[in-house]
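Asks: Chain by chain, the residues run as shown.
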Amino acid sequence: MDQLVEKFLSGDRRALARIISRVENQTPEGRAYVRDLFPHSGRAHTIGVTGGAGSGKSTLTGALAAEYRRRGHTVGIVAVDPSSPFTQGAILGDRIRMQDLTLDPGVYVRSMASRGALGGLAPSIDDVVSIMDAFGFDYVLIETVGAGQDEVEIAGTALTTILVNNPGTGDDIQAMKAGIIEIADILVVNKADHPGADVLVSQLQALLSLAPAGSRRPPILKTTAIRGEGIAELADAVAGHRAGLEHSGELEQQRAADARHQVLAIARAILLERIRRATPEEELDGLVRRVAARELDPHTAAEELAAAAGQ
Amino acid sequence: MTAPGAPKIRVLIAKPGLDGHDRGAKVVARALRDGGCEVIYTGIRQTPEMVAEAALQEDVDVVGLSILSGAHLELFPRVVEELKKRGVDDVLLFCGGIIPEEDTKQLEDLGFAAIFRPGTNTQDIVKFVYDHVKK
Ligand SMILES: Nc1nc2c(ncn2[C@@H]2O[C@H](COP(=O)(O)OP(=O)(O)OP(=O)(O)O)[C@@H](O)[C@H]2O)c(=O)[nH]1
Ligand SMILES: [Mg+2]
Numbered sequence: 033m034d035q036l037v038e039k040f041l042s043g044d045r046r047a048l049a050r051i052i053s054r055v056e057n058q059t060p061e062g063r064a065y066v067r068d069l070f071p072h073s074g075r076a077h078t079i080g081v082t083g084g085a086g087s088g089k090s091t092l093t094g095a096l097a098a099e100y101r102r103r104g105h106t107v108g109i110v111a112v113d114p115s116s117p118f119t120q121g122a123i124l125g126d127r128i129r130m131q132d133l134t135l136d137p138g139v140y141v142r143s144m145a146s147r148g149a150l151g152g153l154a155p156s157i158d159d160v161v162s163i164m165d166a167f168g169f170d171y172v173l174i175e176t177v178g179a180g181q182d183e184v185e186i187a188g189t190a191l192t193t194i195l196v197n198n199p200g201t202g203d204d205i206q207a208m209k210a211g212i213i214e215i216a217d218i219l220v221v222n223k224a225d226h227p228g229a230d231v232l233v234s235q236l237q238a239l240l241s242l243a244p245a246g247s248r249r250p251p252i253l254k255t256t257a258i259r260g261e262g263i264a265e266l267a268d269a270v271a272g273h274r275a276g277l278e279h280s281g282e283l284e285q286q287r288a289a290d291a292r293h294q295v296l297a298i299a300r301a302i303l304l305e306r307i308r309r310a311t312p313e314e315e316l317d318g319l320v321r322r323v324a325a326r327e328l329d330p331h332t333a334a335e336e337l338a339a340a341a342g343q
Numbered sequence: 017m018t019a020p021g022a023p024k025i026r027v028l029i030a031k032p033g034l035d036g037h038d039r040g041a042k043v044v045a046r047a048l049r050d051g052g053c054e055v056i057y058t059g060i061r062q063t064p065e066m067v068a069e070a071a072l073q074e075d076v077d078v079v080g081l082s083i084l085s086g087a088h089l090e091l092f093p094r095v096v097e098e099l100k101k102r103g104v105d106d107v108l109l110f111c112g113g114i115i116p117e118e119d120t121k122q123l124e125d126l127g128f129a130a131i132f133r134p135g136t137n138t139q140d141i142v143k144f145v146y147d148h149v150k151k
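First to last, the protein sequences are chains A and B.
Just so you know, the first sequence maps onto residues 33 to 343 in the working numbering.
Just so you know, the second sequence maps onto residues 17 to 151 in the working numbering.
Read the hints as simulated data drawn from the structure, not as lab findings.
Any given hint could be a false lead.
With a straight-line Cα cutoff of 25 Å, these simulated SDA-like cross-link-like pairs (lysine to any residue) come out [as the list claims (entries may be wrong)]:
no., chain 1, residue 1, chain 2, residue 2
1, B, Lys100, A, Phe118
2, B, Lys42, A, Asp44
3, B, Lys101, B, Glu117
4, A, Lys254, A, Val184
5, B, Lys42, A, Phe118
6, B, Lys101, A, Leu41
7, B, Lys100, A, Arg45
8, B, Lys150, B, Gly86
9, B, Lys100, B, Arg39
10, B, Lys42, A, Gly84
11, B, Lys101, B, Ile131
12, B, Lys100, B, Thr138
13, B, Lys101, A, Asp136
14, B, Lys42, A, Gly125
15, B, Lys100, A, Asp44
16, B, Lys143, B, Lys101
17, B, Lys150, A, Gly84
18, B, Lys101, B, Thr138
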């Protein structure tokens, strides 16, 4: 067995860190690690924390991790911040809000850049979460990029999704109807020490009451993450969400749906790669030029590419 | 600076000690970001243990320490020691801030590959990282 895998399985955090880098770089070597370690995953409760920029996601994630530690559990955290579309560089600053956890041997925090992925996550996020899960953490918390309305990918990565809102930010409650609110399993009104928290709670309640009868109603909780207030209740709500899924049999369904999504996404990437390899760059250039000149329609061009890869 | 999809250089910028402000560290972090690096920034008031532990967890290629308080000869050896203790022995180390010329030799012996003092062009720091990183 690979020495790094052996160390990983014995609980070596440096091995964990090194393997995550290789997985994140999406090399064949990285994929081999996922293959080797995937059978060890599937035990962790994965929790997504999403919400607007500066809403307190990192602070809340850190506070929730501290609560799990108090309850005797171990926690892995992946925090995603955006890569610059111009330089591909990134400043990853989520750790600043999780300082107190740094020296806790039961917590591992990893910052990730979004590396061009849409949806508030990173291209390799599912694999990195699987690796953390395989390492044996009881909980894996995933903080997304400060999300807007349609960054909903997290719902396919995490079992429980927490949406963080703030009072008095002028967030247009109506606008939320269509988008991200539908993926939330738990709604949090953070910065409850600011005025307007109760108003926001009632607005969210009113909004949820418009949902079709029989659809699930996510609980709404108030937190003041900087002071750790409301965090124990949040941990209870997370446990409640999972228990509900188990009880109704939806847990298996959701796992299958997530796996389907993941497998199809990878298959899509593999096929695209094959197509790219089957067609020399000059040929692709020629083809797209004909489309640009309106000599060929894009569907026929794409069929040609796909056919070339199929031979 | 790097091709899309190429492994990114990961850099930890840390401020050990009790310095109250981190303007310089942030300027360096931004310059490296603009140079295409992924920069993990941990904020002020880090102990040597915290710096080393963050370097391990983040699996960085480079660690840059910033200091203004004058405590570098006390804190930097401890950071290096904590890194070694964790087996993080292959990172590129540099430091910056208010560091007297006469301390240069001692810091070089500790393993710091460069010392950047106030007034340094941030582009020189970016170039240094790309030229010396062990990838
Ligand atoms: N008053 C108050 N401030 C808070 C609370 N939670 C977080 N903050 C502050 O809000 C600011 C942003 O917090 P973060 O945790 O960094 O927010 P974030 O959503 O992770 O930010 P991004 O990752 O940059 O999108 C910080 O200054 C926090 O101290 C809270 O409950 N009350
Ligand atoms: Mg954050």
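Asks: Each hint should be assessed against the structure and marked as holding or not.
Replies: Do the hints match the structure? See the list:
Between Lys100/B and Phe118/A, the direct Cα distance comes to roughly 36 Å. Violation of the 25 Å bound is thereby established for this hinted pair. With a C-alpha separation of about 32 Å, the suggested pair Lys42/B and Asp44/A falls outside the 25 Å cut-off, and the hint is violated. Proposed proximity of Lys101/B and Glu117/B is contradicted: the alpha carbons are some 29 Å apart, above 25 Å. Restraint check for Lys254/A and Val184/A: the C-alpha separation of about 22 Å stays at or below 25 Å, so the hint holds.
For the hint linking Lys42/B to Phe118/A, the alpha-carbon distance of about 19 Å falls within 25 Å, and the restraint holds. About 21 Å separates the Cα atoms of Lys101/B and Leu41/A, which keeps this hinted pair within 25 Å; it holds. Pair hint Lys100/B plus Arg45/A holds up; C-alpha atoms about 15 Å apart against a cutoff of 25 Å. As the CA atoms of Lys150/B and Gly86/B are separated by approximately 29 Å, the hinted pair breaks the 25 Å bound.
Taking the CA atoms of Lys100/B and Arg39/B, the gap is near 29 Å; set against the 25 Å cutoff, the hint is violated. Of the supplied pair hints, the one linking Lys42/B and Gly84/A holds, its CA atoms being roughly 23 Å apart against a limit of 25 Å. With a CA separation close to 23 Å, the supplied pair Lys101/B and Ile131/B stays within the 25 Å bound. Taken as a hint, the Lys100/B and Thr138/B pair is broken in the structure, with Cα atoms around 28 Å apart against an allowance of 25 Å.
Simply put, Lys101/B and Asp136/A have alpha-carbon atoms about 16 Å apart, close enough for the 25 Å limit, and the pair holds. Among the hinted pairs, Lys42/B with Gly125/A is consistent with the structure: their alpha-carbon atoms are about 11 Å apart, no more than 25 Å. For the suggested pair Lys100/B and Asp44/A, the alpha carbons sit about 15 Å apart, so the restraint of at most 25 Å is met. Annotation: proposed proximity of Lys143/B to Lys101/B is violated, straight-line Cα distance about 29 Å (limit 25 Å).
Taken as a hint, the Lys150/B and Gly84/A pair is broken in the structure, with Cα atoms around 37 Å apart against an allowance of 25 Å. Between Lys101/B and Thr138/B, the direct Cα distance comes to roughly 31 Å. Violation of the 25 Å bound is thereby established for this hinted pair.
Checked against the numbered hints given earlier, this structure breaks hints 1, 2, 3, 8, 9, 12, 16, 17 and 18; the rest are met.
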